[in-house]
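K.L.:
Just so you know, the protein sequences line up as chains A and B, in that order.
The opening residue of the first sequence carries number 987 in the numbering used here; numbering runs sequentially from there.
The opening residue of the second sequence carries number 3 in the numbering used here; numbering runs sequentially from there.
Simulated from the structure, these hints should not be mistaken for laboratory data.
These numbers were taken from a predicted model, which means no experiment stands behind them.
Beta carbons are placed, not taken as given, at the ideal position from N, Cα and C, and that holds for glycine.
A hint or two may mislead.
[What the hints assert, rightly or not] From the derived model, a few chain A residues whose C-beta atoms are all more than 12 Å from chain B: (1) Pro990; (2) Pro1025; (3) Gln1055; (4) Leu1072; (5) Glu1095; (6) Leu1128; (7) Leu1152; (8) Pro1184; (9) Asp1185; (10) Tyr1194; (11) Tyr1200; (12) Val1215.
[Said to hold, decoys possible] A few chain B residues that face chain A, going by a derived Cβ cut-off under 7 Å, partial list only: (13) Gln433; (14) Phe435; (15) Arg440.
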Amino acid sequence: MKQPLLEIKDLRAGVEDKAILKGINLTILPGEVHAVMGPNGSGKSTLASILAGREGYEITSGTVQFLGQDLLAMAPEERARAGVFLAFQYPVEIPGVNSTYFLKAALNEVRKHRGLPELDAIDFLQLVKEKMRLLELKEDLLKRPVNEGFSGGEKKRNEIFQMAVLEPALAILDETDSGLDIDALKIVAEGVNKLKRPDTGQLVITHYQRLLDYIIPDYVHVLHNGRIVRTGGKELALELEEKGYDWLIHPAAAAGV
Amino acid sequence: MSSATATIEEFVNKEYQYGFVTDVETDMIPPGLNEDVVRLISAKKKEPAFLLEWRLKAYRHWLTLTEPTWQQAHYPPIDYQAAIYYAAPKPKKTLGSLDEVDPEILKTFDKLGISLNEQKRLSGVAMDAVVDSVSVATTFSTELAKHGVIFCSFSEAVHKHPDLIEKYLGSVVPYTDNFFAALNSAVFSDGSFCYIPKGVRCPMELSTYFRINSANTGQFERTLIVAEEGAYVSYLEGCTAPMRDENQLHAAVVEIVALGRKSEVKYSTVQNWYPGDKNGKGGIYNFVTKRGKCLGESSKISWTQVETGSAITWKYPSVLLLGDNSIGEFYSVALTNNLQQADTGTKMVHVGKNTRSTIISKGISAGRGQNSYRGLVKIAKQATGARNFSQCDSLLVGDRCGAHTFPYIEVKNTSSQVEHEASTSKIGEDQIFYCNQRGISTQDAVSMIVNGFCKEVFRELPMEFAVEAQKLLGVSLEGSVG
Chain A
987 MKQPLLEIKD
997 LRAGVEDKAI
1007 LKGINLTILP
1017 GEVHAVMGPN
1027 GSGKSTLASI
1037 LAGREGYEIT
1047 SGTVQFLGQD
1057 LLAMAPEERA
1067 RAGVFLAFQY
1077 PVEIPGVNST
1087 YFLKAALNEV
1097 RKHRGLPELD
1107 AIDFLQLVKE
1117 KMRLLELKED
1127 LLKRPVNEGF
1137 SGGEKKRNEI
1147 FQMAVLEPAL
1157 AILDETDSGL
1167 DIDALKIVAE
1177 GVNKLKRPDT
1187 GQLVITHYQR
1197 LLDYIIPDYV
1207 HVLHNGRIVR
1217 TGGKELALEL
1227 EEKGYDWLIH
1237 PAAAAGV
Chain B
3 MSSATATIEE
13 FVNKEYQYGF
23 VTDVETDMIP
33 PGLNEDVVRL
43 ISAKKKEPAF
53 LLEWRLKAYR
63 HWLTLTEPTW
73 QQAHYPPIDY
83 QAAIYYAAPK
93 PKKTLGSLDE
103 VDPEILKTFD
113 KLGISLNEQK
123 RLSGVAMDAV
133 VDSVSVATTF
143 STELAKHGVI
153 FCSFSEAVHK
163 HPDLIEKYLG
173 SVVPYTDNFF
183 AALNSAVFSD
193 GSFCYIPKGV
203 RCPMELSTYF
213 RINSANTGQF
223 ERTLIVAEEG
233 AYVSYLEGCT
243 APMRDENQLH
253 AAVVEIVALG
263 RKSEVKYSTV
273 QNWYPGDKNG
283 KGGIYNFVTK
293 RGKCLGESSK
303 ISWTQVETGS
313 AITWKYPSVL
323 LLGDNSIGEF
333 YSVALTNNLQ
343 QADTGTKMVH
353 VGKNTRSTII
363 SKGISAGRGQ
373 NSYRGLVKIA
383 KQATGARNFS
393 QCDSLLVGDR
403 CGAHTFPYIE
413 VKNTSSQVEH
423 EASTSKIGED
433 QIFYCNQRGI
443 STQDAVSMIV
453 NGFCKEVFRE
463 LPMEFAVEAQ
473 KLLGVSLEGS
483 VG
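The shape of chain A in the complex, shown without the other chains (with noise of 0.2 Å):
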């Protein structure tokens, strides 16, 4: 069998004296497309943030591995440098600091990391152009500070943008959807799935099935009450869709219907 990508174990973790993840297990393979849904409240983007390092969670019990290594045990900067990406569900603005310096600092860590020389200023830009043209973004995007004055549909955009140029092993992609219309919605999805190699592995959390549409996922996961309730195949996602969450969270009442 193949190295896991990330291999997470019985994961336990809350804020004071709150538990949100209950025990979590999900195994993710190099290739593989996992979504993860459920109702608000459920722990979905308490796991997203728990995988990229946000500090205020306390983890109380169980184990993160990523390609091997301990998850858990590294800093924020060296799980993104490894190739852990979050696209956030809400970027945040950071006013002043222009988007391509930021984007080339981000890169030349990344590349740092793996052994490969920074990239100039030329070859940097040519490398954006070229990925800018995927997710249909315009120019003058880069030249503006982060995420600044960006429409909700930009932001969402300069994520998967910024994705596409970093070319993390895993991405995790936090209700990317949210917030987005139709046309957006598809763009965005495309750029992922053009982004999808043998290799790297997608983490796609998601409230609504219609982002499955467009991102088809081998393994679908429903997040309940802070544990894994059912996996399924994309069909699963479609069920959900079709009978909404409460048959799976209250079977007992729905069979009694």
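Assemble chain B onto chain A, guided by the hints.
P.N.:
Chain B in isolation, oriented as in the chain A frame:
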């Protein structure tokens, strides 16, 4: 405290790298201040009678003044009798050329990254190097003289161009101006003088580098810049000092006269005096009076300052806009870290018609630093059509620092326009995490965000200074957030 904050703390605590002392023989007078000391300083410099008279008048006036206390800074009382008012590296003999400068001093400047050797300098910057009370070397004077530009130490100007000194000394900042200006006028020891004749665009950047070396001395230098009709000069000032546990007083005066029509002076400062240690011990008290006077029609004076050093910074580079259509500008970045305090800003006084002024102030507070912007925009009755735009932004790094803004606006002409914008922001954990998630370390992220915040000011700096300023900001921020 979060780990991002902890890293920023560490980052800000990087040591001051200019804190060494040069071992040279120093000619020093005993501590204390009285009329005899003033006479002694004047005698040591073999000054003409008018100057001694002026010093004495200043001294007598100073005696009548009390030290102001309105600034937003706290420090124990200064004992003016404990300070030494004159210290000079002892020359081996009279200086004829750079070759005769004490090699220890040349080494000092090399260590500071400043070569006084003209041949070694690639960039077109002429330098006047001031150590403690005296100018030790001025480069490119001969080259500049070909263009009619006078650039020399203040002492030299007193001897070679006494008429110009007598005419313009105190013409912008009179000795009666304020407590520290009066003190400076009485005991100032050296500084730079610069005169740009009519129609000359000064072919290189002029620069003064101030270095405090001796302990327990005060540094009181004066800079005087005069630009005739159509003249242009860009002037740079840099400063460092050794690390010492005592506070040292630096009370300088800078006067700029934009005399003729369309004359223009651009004055840039990168101030990096020793800021004290992270517990607030030691550091320079930087109490400085800087002012320019736009006399000529359509003349222009522009101040750009990057203030990262000093335990306390207290200064307001200002412009009196007398000539019609004259322009005043003030671009400032002031950073306070650890226990540093800064109370800085500007005064733009509009008197001429259609005069314009721009104020862009960026204050960064980190650690337990306190940063105040204090500014005055005054539009006189006769200043028809005057305009001002002010923007004061504060950036907080951590949660133990402070930012304060004290804008004063006095308008006496109804046809004028005054705009004031202000903002306060904080480097958020979210911004840091976003950068981290893209592989950028917390240290680099803070530096990137702070530099982004200061961009509008940095682009006003001459190129090589801008690069220097960015680096300096990075170093000064190390260990700064909390």
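K.L.:
Does each hint fit the structure? Answer for all of them.
P.N.:
Outcome of the hint check:
With a cut of 12 Å on Cβ distances, proline 990(A) stays outside the contact zone with chain B, its closest approach being about 22 Å. With a minimum CB-CB distance of about 25 Å to chain B, proline 1025(A) clears the 12 Å threshold, and the non-interface call stands. Its beta-carbon lying about 16 Å from the closest one in chain B, glutamine 1055(A) satisfies the requirement of being farther than 12 Å from that chain. The Cβ of leucine 1072(A) sits about 5 Å from the closest Cβ of chain B, inside the 12 Å cut-off, so the non-interface label is violated.
Not every Cβ of chain B is farther than 12 Å from the Cβ of glutamate 1095(A); the closest lies at roughly 4 Å, contradicting the non-interface assignment. Distance check for leucine 1128(A) against chain B: the nearest CB is about 15 Å away, which clears 12 Å, and the non-interface claim stands. With 12 Å as the threshold on Cβ separation, the claim that leucine 1152(A) sits away from chain B is violated: the shortest Cβ distance comes to roughly 7 Å. Non-interface status of proline 1184(A) relative to chain B is upheld: no Cβ of that chain comes within 12 Å, the nearest being about 24 Å off.
Here aspartate 1185(A) stays apart from chain B, with its beta-carbon at least about 19 Å from theirs, past the 12 Å limit. Remark: the non-interface label on tyrosine 1194(A) is consistent with the geometry, its nearest Cβ contact in chain B lying 24 Å away (cut-off 12 Å). Annotated as non-interface, tyrosine 1200(A) keeps its C-beta farther than 12 Å from every C-beta of chain B; the closest such distance is 24 Å. Its beta-carbon lying about 29 Å from the closest one in chain B, valine 1215(A) satisfies the requirement of being farther than 12 Å from that chain.
For glutamine 433(B), the suggested interface contact is upheld, since its CB lies about 5 Å from the closest CB of chain A, less than 7 Å. Using the Cβ-Cβ criterion of 7 Å, the hint placing phenylalanine 435(B) at the interface with chain A is satisfied: the shortest such distance is roughly 6 Å. Interface restraint check for arginine 440(B): the shortest CB-CB distance to chain A comes to about 4 Å, inside 7 Å, so the restraint holds.
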